[in-house]
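Engineer: Protein chains in written order, with UniProt numbering: chain A, 1 to 520; chain B, 1 to 520.
Any given hint might turn out to be false.
[As the list claims (entries may be wrong)] Here are the simulated lysine-lysine pairs, DSSO-like style, with alpha carbons at most 27 Å apart:
id, chain 1, residue 1, chain 2, residue 2
1, B, Lys42, B, Lys11
2, B, Lys465, A, Lys340
3, A, Lys50, B, Lys478
4, B, Lys478, A, Lys251
5, B, Lys340, A, Lys478
6, A, Lys465, B, Lys362
7, B, Lys340, A, Lys473
8, A, Lys465, B, Lys340
[Claimed, not checked] With the C-beta cut set under 8 Å, the calculated list includes, among others, these residues of chain A facing chain B:
id, residue
9, Glu59
10, Ile105
11, Asp201
12, Pro359
13, Lys362
14, Pro422
15, Ala425
16, Glu475
17, Tyr507
No lab work stands behind these hints, which were simulated from the structure alone.
From the three backbone atoms N, C-alpha and C, an ideal C-beta is built for every residue, glycine too.
So you can see what is in the structure, the chains are spelled out below.
2 protein chains.
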Amino acid sequence: MAKVSPLDSGKSFGGIPLSQLFPESKLGWRGYVEWEDHPERKRTASEILKTKKFTPIPEFQFVPLPQTNPVLVGHRWKEYHEALGLKSIVDFSWATVLKEKPGMIHLLDFPYNGETPRSELIKAKITDNKWHFVRNHGGVPDIDEGAYELEIGGLVNKPVKISLKELKDPSKFPQAEVTVTIQCSGTRRIEQIQLYPGDGDELINAPWGEGAIGTAVYRGVPLKKVLKIACGGILPEAKHLEFIGADTYFKKGNVYNYAVSVPWRKVRQNEEVLLAWEMNGKPLPKIHGFPLRAVVTGYIGARSAKWLYKINALAEPSLGPVQAAEYLYYNQQLGKQNVKMSNGFSIQGMPVSSAIIFPLDKQVVIHEGEIEVKGWSYSGDGNWVQRVEVSPDGGHVWYACAEEDMTEKHYHAWRLWSIRVPVNAQGWLEFCVRTWDSNNNTEPTFVRSAWNWDLHVTSSCHRVKIYSVNKSKPETAKRLAEIEAHGETFEPLTRPLEWELEDTQEYLQQMRKHPREPLD
Amino acid sequence: MAKVSPLDSGKSFGGIPLSQLFPESKLGWRGYVEWEDHPERKRTASEILKTKKFTPIPEFQFVPLPQTNPVLVGHRWKEYHEALGLKSIVDFSWATVLKEKPGMIHLLDFPYNGETPRSELIKAKITDNKWHFVRNHGGVPDIDEGAYELEIGGLVNKPVKISLKELKDPSKFPQAEVTVTIQCSGTRRIEQIQLYPGDGDELINAPWGEGAIGTAVYRGVPLKKVLKIACGGILPEAKHLEFIGADTYFKKGNVYNYAVSVPWRKVRQNEEVLLAWEMNGKPLPKIHGFPLRAVVTGYIGARSAKWLYKINALAEPSLGPVQAAEYLYYNQQLGKQNVKMSNGFSIQGMPVSSAIIFPLDKQVVIHEGEIEVKGWSYSGDGNWVQRVEVSPDGGHVWYACAEEDMTEKHYHAWRLWSIRVPVNAQGWLEFCVRTWDSNNNTEPTFVRSAWNWDLHVTSSCHRVKIYSVNKSKPETAKRLAEIEAHGETFEPLTRPLEWELEDTQEYLQQMRKHPREPLD
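If we strip away everything but chain A, and leave its shape as in the complex, we get (with noise of 0.2 Å):
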């Protein structure tokens, strides 16, 4: 192992072109570096790493998010790039995200983390290609369709390498469309902040919404088909299925490629884990894995690897640190003092969960009664929405959705769904929603009962604060006809009015009728 050398202007290290240290691995596939297997240029990059200070994480946590858009930078990720002679790559992974996603709410510029807007995201059931959510890890690669090609290896009878066309040819390998809603164990992660910061990984855990979620036909081959036909079947030891992407990622100074893992249990089930090439009816977006990404139905939405190239037959969990050391699930007892890898479990399938996404957190609701209801409910692995409940109190009193306001069962995709709610009270109330899914699970009930250190998975009851304005009662319809007269708007909520809102005479005589104080 070469000495630890000053870095020359960031354009060589040790006397060599970084361009020569870190070269594009196969022609045709810009912005992938292979890493896997090459531990020198590991070691290399990370003592690249280590000579340079990078800027610090930035706090959104303690403090309010920015009102920008993009609301974060990645600047600490962009450095790692760029410190490697990868700074195309960042180039390319933004002009693809003005490209492909302009529309959405950048939630972090690189790696790039988008979010679909609330007026896109319960349109329909099927969330078009240009507003579906992304979670990036690393910078997207741009690979040509006509260089691609997958291999696999590990614990298989007979590693091969696939091109795509081949992949594709029905006549060799069986297709499958499939209805799939893709979850980020970050939906709703904000819930979590607002309530407690937690860890601020240095990749950014993005401060998501309800909008980390979408649904698509996929169209691919199962990969139990490609294991079977291509590779004469795995070997009995084999127990994971590891995908890795040509995309870069960091920990703790090291370099990867993106490598996570799902058991063979969960391959097996045939159109539960695809290789796709096809996001509804279309080739894959460039953002979402162009030409070839695993899609893993109802597991958290890291396992669904993009650009994916290699996959490895293991006895064991992949240990990639995104499988190993990432998206654990911790008890509130672990925190920054003491977590591990090894006591946090492994988040793979995901739990029911559901949001209201119309009315808008704080909006205020003028109405007669009944106010709507709009949002999305569902679970993963296999198990269906069965139930939607929503409560107009905090959740002491639950109406059910009729299943004629629900879209209809998928094994792996959620239900959207609407109900109007019976609305007595005014002010301001916490309408909140749970899902029961098809094996009788819930959600959790507040945010605490679930809050955790890497803020994942937040499926808690979703509660939403409403301002209800019941123009049904006589005193509130005069108020508004007054606010009409005068020529003014209910809202903004917090601006006075500015006349007075009782006659002196009708104030005395109420106080003369029910006094302030008792007479004696």
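Put chain B on the given structure of chain A with help from the hints.
Structural biologist: The following block gives chain B in isolation, referenced to the frame of chain A:
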């Protein structure tokens, strides 16, 4: 009444210079305009205000508070004064803040609202004059002590004017010294705002924390004695004593002198209503009402009128807007859509309340199984603090403060307290306090329990979030040592640790002992 004329560059109205329209009413009383005795002035002022547009109230409830000091700027209220040619009041007020209260948290620059910094708040039972909170409703008048006189009229046997010299003459009026906690009904309002936005009053309902409370020893004469000795007593039909202050108050386009009232039943308790000129052995600071103020024990601070120049005995509560239209406590069904003067009740005596001052909200506390908690507890209207209880678990288990760890009882003052609470648990905990007063009254459980549109009297159990790091736990002690060995610090809490938290071999050993998934 003159026809509305355009404002001549803001310097005159209807051809008359503003300085002649609204002259200072007495020699040696700078910044005092008499409005209540001059209905024609009030009408003219209203007309002038109608000709102008004023800066809207700043929105600070739906968005994060500025991190500035002053936190909020009272543009509108300054403009009201300027429109009437009273800008010198604005200037003198701020000069007085800088002289008398330089170190405060300036919540609102005009009318001045200043909060005591936490480090000064519970240093001692008596709050130093320079650290006592201030909630003014208008500018600070600048009154010469020698020119000062107090008028008493209304339903008394003999209306009088009394000079300050006479009032202070112990051979004429018996004096009293009373230890009094004065509390703004806005104390801890920030908790109500953070839960739900409420009324955006034109004066600004300041976003107070726990520091809108303070305790001082006031010297003065009981109002009861003055009424008896100077006025020969009140008439039988007199039920309320109205206090009028020399500051100018605005409400919905009209102009007033500050006016409030308290019941005769309160006044006749002798030391419970003082006319005070001394605060902690010193002359009243100008910002606290020099040369004379009312001190109404156990009532909302708003009744302790400053720059008190007139007292009227009335048959009914004052019709001044501060008494009739402000400081009302509304039911939760009442809000912008339907509040009136007559459907809220008047806040006079203050209920039992308390606050945790240390640890601070969101503080990380590294400890060995016990955490010290400190704060204040108070109950109004002659009730004293009997018992203080602290819960380290959101309100499930409560520990009582020892009498030795509380300051002594007073009829009209708070008690400061401290307690060491056993804490085994780690991570984010919710600590809360509740107090029981001498009538066995205690506090509502949650902010929502008593949330009200005008955001007054946040007397629910005060809750703070504490991140507990219990270093008596071996894994925690190990991590803290590791952090020290790396030359790092535990805080900021959200900063990721830069090194691997677990050796891969240790991880694998654990994972083989307790596999991530069942073996069959």
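Engineer: Mind listing which of the numbered hints don't hold for this structure, in increasing order?
Structural biologist: 10, 12, 14
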